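Asker: Sequence:
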Amino acid sequence: MVFIVTAEEMWRKKCRSIATRNSKRIRRNSMLALGAIIFHSCAILNPSQDPVVPSSSSAQSVSGGIIAPNGSGIPVIPGTANTEQQALIDAINREGESFQYRGFSEQIPQPEIIEGDDIVELNYEQADLRIILEELANALDIAIVLDPSIDNRISIRTPPDRPLQRDDIWPLIRLLTRDAGILVEQIGDVFNARKLESPLPAEIVTADSLSDTGGAEVMQVTPLTFVSSEAVIQAIEPFLSPDGSVSQLGNRDLLIITGSEYQLNRINQLLMLLDADPFANQGIHLYQLSNANAAEVATELAEILLLIEGPTPSYQVRGIERINSILVTAPAARGFEEISRWVRILDADIQEQVEQLFMYRVKNLDALELADTLSNVFEDNEDRPFAEEGEEPSGGSMFDGLAGEAGQAASIDTEIASQALTALPSNAAVSADLALQIVADEATNSLLIRSTARDYRQLLTTISQLDVVPLQVMVNAVIAQITLTDDTRFGVDWSRIANDAVLDPISTSGVTDFAPNLGGLMFSKGFIDGSARVEATLEAIAQNNEVRLLARPSLTVGNNQEGEIQIGAEVPVEAGESISAGGLSTTNIQYRDTGIGLLIEPKINEDGVVNLIITQTLRSVDNSASGINNNPVFNNQEITTTVVVRDGENIVLGGLIQTDTEQLNTGIPLLNRIPAVGNLFSYQQDNTERRELFIVLRPEIINLNEEEGPQYAEILDRFALASELFEKSNI
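Residues in the sequence shown are numbered from 1 upward in steps of one, following this note's numbering.
Just so you know, these hints were derived from the structure itself, not from any lab.
Remember, predicted model here, so these are calculated numbers, not experimental data.
For every residue, glycine included, the Cβ atom is placed at its ideal position computed from N, Cα and C.
You may find that some hints are simply not true.
Said to hold, decoys possible - Using C-beta positions, here's what the derived DEER-type ranges look like: (1) 563 x 348: 52 to 58 Å; (2) 273 x 241: 19 to 25 Å; (3) 548 x 638: 17 to 23 Å; (4) 636 x 577: 23 to 29 Å; (5) 306 x 376: 31 to 37 Å; (6) 320 x 359: 34 to 40 Å; (7) 443 x 659: 52 to 58 Å; (8) 555 x 296: 50 to 56 Å.
Stated by the list, open to error - As a list, the in silico DMTMM-like pairs of lysine to aspartate or glutamate whose alpha-carbon atoms are at most 25 Å apart: (9) 603 x 372; (10) 195 x 128; (11) 603 x 574.
Required output: the full structure, derived from the provided sequences and hints.
Answerer: Listed below in structure tokens is the structure:
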């Protein structure tokens with residue numbers, strides 16, 4: 001069947017198509033202009049004029065819920081300052097218009113086809129294009145005038161079993177002439193085919209007038225409205241290969257595109273998609289929050305969308321903290337019903353979002369020190385605003401007037417503390433982005449904490465790890481002296497003694513008989529806990545030395561605290577003399593400590609290793625010399641060291657040697673004082689005694705937080721047994 005379409009009818013259809021496109025463009029431009037005028041009018045409204053009033057359903061939705069649709073389907077955001085602001089939000093919110101693209105196909109006007117045989121067979125090999133065009137024109141029974149300068153030669157052949165239909169002849173003519181650079185123009189009922197002599201395009205058109213051209217190559221001037229020319233050039237260059245071109249006019253978003261009519265038609269269809277109004281073709285919704293923080297809701301909503309839609313969600317979320325709102329964009333006509341539901345959930349009006357005042361009673365630490373520690377951790381967040389119950393978040397500081405409110409009746413929830421400690425693990429990570437203020441009350445050793453319930457629960461995780469019963473160290477000490485002999489005049493060889501104590505251990509099975517006389521020191525092998533380390537050390541020392549026990553103190557010291565043992569006497573020293581106004585002289589006396597001093601500071605780590613900072617001092621009065629105003633002269637020896645020892649191991653401190661010189665004068669009374677012969681009845685001798693002080697320390701960790709750890713009662717029982725053994729030994 002052959003369809004007959006006259007050139008006049010094709011021309012009328014073309015005109016109607018152009019008129020339709022121009023009409024649509026005019027209507028769209030008119031709508032945009034009208035919308036701009038309306039929006040500008042709303043923006044310049046005087047506050048004294050009547051504001052824009054939303055529908056009654058909108059007003060009801062504001063008071064009845066967080067986010068609710070009104071009659072127009074646009075979500076209403078509660079908490080707006082006035083109806084003008086709500087009107088602006090309504091103007092922003094839109095679903096977006098989806099662009100319907102149905103593809104592109106070239107419409108080629110055809111001459112009237114005379115009914116007849118509709119089968120055409122072609123078989124040409126390097127034939128003159130003029131001859132082929134004449135044959136094809138004869139097949140269509142049309143008149144065509146051929147330019148004599150057409151000298152192209154082509155080969156074309158149709159399969160014997162698949163000849164061309166008559167309807168395919170005119171598209172074939174257009175194809176052959178376009179590829180050969182031949183312009184086909186219709187003048188009345190005659191078609192004129194001529195070769196273009198100039199390389200310049202035959203016509204300069206716009207996208208609206210492109211369909212009116214008949215040139216093989218056309219230059220089109222295309223202004224861009226919404227996108228940059230650089231982005232568009234990269235997208236359309238592949239459609240112009242190999243002979244077309246595109247360039248930008250200066251710094252204006254104006255493109256000069258050169259190509260065939262077919263190429264430009266495809267590019268214009270693509271530009272309709274690229275150069276589109278993003279506000280018109282994309283859904284936009286602004287949600288103003290009433291309770292939650294905009295940045296937190298935006299982050300949580302983005303994570304939810306990432307979980308639901310995958311790594312490239314179609315919805316984009318951005319928090320606007322200054323107005324406490326979130327902006328959500330989506331492809332056109334995607335809808336925001338599900339997003340609105342999630343916003344309602346995340347912006348729920350719950351008690352945890354409201355600032356409250358909590359009291360925490362510190363159990364084991366000093367409240368002032370704990371408050372100072374926590375404040376230093378969270379001090380960077382002091383200026384974060386709070387949302388009071390029933391109020392919008394504001395830019396004011398949360399601490400304004402807190403000092404006067406600490407003693408007032410506030411919302412104090414004592415149950416949250418216990419709930420938080422059981423709900424969170426002890427090693428749970430705590431966010432440092434907490435908005436709170438901490439004030440210590442010395443009278444009750446408590447903390448007053450101003451924060452939301454959520455932040456307070458997180459803070460309790462940190463407090464629960466700090467406010468625990470501190471670890472303690474019980475230091476069992478043995479302080480003794482060794483009288484040095486000629487063999488040990490340079491001091492005791494502690495390395496040899498330590499080796500002897502290790503190589504020759506003593507049985508530790510229970511309490512046995514007393515050890516041999518250790519130069520006046522008797523020790524039980526079951527001393528303290530049955531460990532032989534102390535006894536072995538003392539026995540090794542006493543094998544060749546006279547040992548005298550000076551003290552066996554036991555000191556319990558808190559972790560990172562200092563403990564001191566002082567054994568000796570206080571010696572008065574004249575510090576100065578003052579004379580009053582009446583001439584009365586007063587002597588100032590100070591007392592100086594003498595004897596043995598031991599300062600211990602333990603530091604316990606989680607592995608049961610104790611770092612001990614030990615300072616050992618030995619102060620004595622030098623009887624062989626005298627100071628100013630006959631004040632005594634003091635000898636001072638000091639050792640400061642840091643040692644690392646495991647729980648229950650022993651430490652030996654030695655090396656402090658003291659020399660005492662004594663003049664012994666004895667004789668027969670009265671006779672030893674007779675001049676000249678008194679020496680015959682008296683005896684004089686200078687005695688020098690050298691002694692070395694040594695201390696054996698055994699630290700034992702006391703952890704009252706563990707039920708299986710050593711307790712005070714057990715340790716006291718051990719020392720009661722040791723005391724009994726010492727008493728039996730007359731030490």
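Asker: Range hint 52 to 58 Å: satisfied by the CB atoms of residue 443 and residue 659?
Answerer: 56 Å, holds
Asker: Is the gap between the beta carbons of residue 636 and residue 577 within 23 to 29 Å?
Answerer: Hint holds: Cβ distance 25 Å, inside 23 to 29 Å.
Asker: So the hint says 17 to 23 Å: do the beta-carbon atoms of residue 548 and residue 638 match that?
Answerer: 22 Å, holds
Asker: When you take the CB atoms of residue 320 and residue 359, is the distance between them in 34 to 40 Å?
Answerer: 36 Å, holds
Asker: Holds or violated: the 52 to 58 Å window for the beta-carbon distance between residue 563 and residue 348?
Answerer: 54 Å, holds
Asker: If I claimed the Cβ atoms of residue 555 and residue 296 lie 50 to 56 Å apart, would that claim hold in this structure?
Answerer: 52 Å, holds
Asker: Do the alpha carbons of residue 603 and residue 574 lie within 25 Å of each other, as the hint requires?
Answerer: Not satisfied, since the Cα-Cα distance of roughly 40 Å exceeds 25 Å.
Asker: Taking the beta carbons of residue 306 and residue 376, is their distance inside 31 to 37 Å?
Answerer: 36 Å, holds
Asker: Residue 603 and residue 372 were given as a pair; does the straight-line alpha-carbon distance stay at or below 25 Å?
Answerer: 22 Å, holds
Asker: Hint says 19 to 25 Å; check whether the CB-CB distance for residue 273 and residue 241 agrees.
Answerer: 20 Å, holds
Asker: Holds or violated: residue 195 with residue 128, Cα cutoff 25 Å?
Answerer: Satisfied, since the Cα-Cα distance of roughly 14 Å is no more than 25 Å.
Hint 11 alone, counting from the list given before, is not met by this structure.
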